[in-house]
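*Asks:* Take a look at the letters that make up each chain.
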Amino acid sequence: MRYLKLLTLFWQTSLAARMEYRTAFALAFLEAGLEAAGKLFGVYLFYANGFDLGGWRWQEALVVLGLASLLDAFFIGVFNPNLRRISEMVQDGTLDFVLLKPASSQFWVSVQQFAAEGVPFVLMSLGLLGYAGAVAGLDAAGWLRLGLGAAAALLLAYAVAFLFATTSIWFVKIFNVVYFLNTIVWTGQYPVQAYSRPFRLFMTFVLPVYFMTTAPAEVALARLPASWLLVVFAVAGGVLVLSRAFWRFALRFYASASS
Amino acid sequence: MAEALGPAVRAHNLRKVYRVAEKEPGFADTLRHFVRRRYREVEAVRGVSFVIEPGEIVGFLGANGAGKTTTLKMLTGLIYPSGGELEVLGHVPYRREAAFLRQITLVMGNKQQLIWDLPVLDSLRINAAVYEIDPAEARRRTRAFAELLEIEDILTQPVRKLSLGQRMKAELMASLFHLPRLLFLDEPTLGLDVNAQAAVRRFLRDYRERYGATILLTSHYMADIEALAERVLVIHRGALLYDGGLGGLVERFAPFKEVRLELAAPAEPAELAGFGEVAEASGRRVRLLVTKEGLTRTVAELLSRFEVRDLSVTEPPLEDVIARVFSEGRV
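Protein chains in written order, with the numbering used here: chain A, 1 to 259; chain B, 1 to 331.
In short, the hints are calculated from the structure, not lab data. The reader is advised that the hints may include incorrect statements.
Here are the computed distance ranges between Cβ atoms for each label pair [stated by the list, open to error]:
id: 1; chain 1: B; residue 1: Glu-150; chain 2: A; residue 2: Leu-40; range: 23 to 33 Å
id: 2; chain 1: A; residue 1: Ala-26; chain 2: B; residue 2: Ala-323; range: 49 to 59 Å
id: 3; chain 1: B; residue 1: Tyr-39; chain 2: A; residue 2: Phe-29; range: 24 to 34 Å
id: 4; chain 1: A; residue 1: Arg-2; chain 2: B; residue 2: Leu-164; range: 26 to 36 Å
id: 5; chain 1: B; residue 1: Val-92; chain 2: A; residue 2: Leu-34; range: 46 to 56 Å
id: 6; chain 1: B; residue 1: Arg-38; chain 2: A; residue 2: Phe-180; range: 24 to 34 Å
id: 7; chain 1: B; residue 1: Ser-82; chain 2: A; residue 2: Leu-34; range: 48 to 58 Å
id: 8; chain 1: A; residue 1: Phe-41; chain 2: B; residue 2: Val-20; range: 47 to 57 Å
id: 9; chain 1: A; residue 1: Ala-48; chain 2: B; residue 2: His-33; range: 50 to 60 Å
id: 10; chain 1: B; residue 1: Ser-49; chain 2: A; residue 2: Phe-253; range: 19 to 29 Å
Facing chain B, a subset of chain A residues (Cβ under 8 Å, in silico) [said to hold, decoys possible]:
id: 11; residue: Asp-96
id: 12; residue: Leu-99
id: 13; residue: Tyr-254
id: 14; residue: Ala-255
For every residue, glycine included, the Cβ atom is placed at its ideal position computed from N, Cα and C.
Extracted from the complex, chain A is given alone in its bound form (with noise of 0.2 Å):
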């Protein structure tokens, strides 16, 4: 419950500190808007003809594509802003502060910003998925599975990107790192099996994209068995217990820029 009011403090001063600059807020989300109806247009010009994706229907590859958007979207509004804040925080010491509340750290840093310029593309991507789940014939437990699936995919996008991040606490500057893992999972709008298999073989067991969005668009679309979702949750968690260990050894190495 305390984590929960301290998200919503955090997203609400994050929020309320961007707004404090009206023009570039305005322009900032006004810009994410025009960006994120082309995005759409460009995946209206690709799938309007309908083809055929190693394997998958373009109504069953546009649940790849949503799920693609989803992440794309979180890495925009929360994740980037956030994994930042890391590097500039280890760099300026200020992580200091964080590392001297009694609370999660790892929390504390994953989430204390919030950009809004992600709200925009959230909202593309769930009018996809929806759309998407709509054309492809989904039934209720296709729209369950693809919600978990969802919720999935983020955690582990989010934990591969945290293991990226934690790296600050040696290289600082490595937030670079973490825009190129972004510019990875987004080739993951495509499903895996449109790949070579070098390709493949790289999505799934190097950088786990294919659990990201491939996996979880099999599992509501019924290609594979409901029960990949546990398989799809376990490497999800794996990652995120993984994610947390490595922050904390991570934090013995933190040298605390010094004043």
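Fit chain B to the known structure of chain A by using the hints.
*Replies:* Then chain B, alone, in the frame of chain A:
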């Protein structure tokens, strides 16, 4: 505020070694530095031992780079010691247990936790949620602290619009909002004007009296140390040089008195050199450092040699004593 069992701080043979990269200037060395780094080990804290009892106010003195901040950061659990034993309020700091963190605070004069673009009250709301202070109690504390620090009228202004002094007061308010028992203050009056420094000192004294808190304070302003600390720890190049009262520090490191003279006519420094160390000689005003043993004889000789309008003998300023300790590195 619960009473502590045992010492507030117990450090034994505390050590911290850093590995720092070294680089010569120039582009060729930049390339070498990029490909292959050269590192050197720096022993920032070398076997420091001390005990601080609950309720004490201890000044931590040392030149820049002496190891004060590193020691403070080990005491708060921000960095891991390389060796030695450390116990703070019965906890091992680097484990950063919630029960420990709820009882301490660290105020740094050159860093701030307040949200830059929002009013102070927004930062306090977050702190109240983190420390689970109920809203009525949070309002009461806000009123009480704001009154003590005389910042009632600035709490709704964005932090970026506050003066340095106002910001430091607000920073103190945010840092002490959870009523910590142990305060680590690293240069809390850095860059403040005389009035703001005095206000901060008043507030800290008042807080300590009200809540019986223990304070470990570093400052380059001796006035802070003289006004607040009953005991000082002097650290030099990572080693503890002195642990005791302020008076004892002067006694031990300054076996001289300061003789201030106002002469009827200006005197050359060369004429004064034989009477002691000339600390200042500008026109008719002279400041001499004279050994305690030769004080009576020197004063008599000064009075017979010069026409003296005024003369006073005092302990030397603490700054001078400390500067001597650091420059000579004496134990």
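*Asks:* For which of the previously enumerated hints does the structure constitute a violation, in increasing order of number?
*Replies:* 1 and 3
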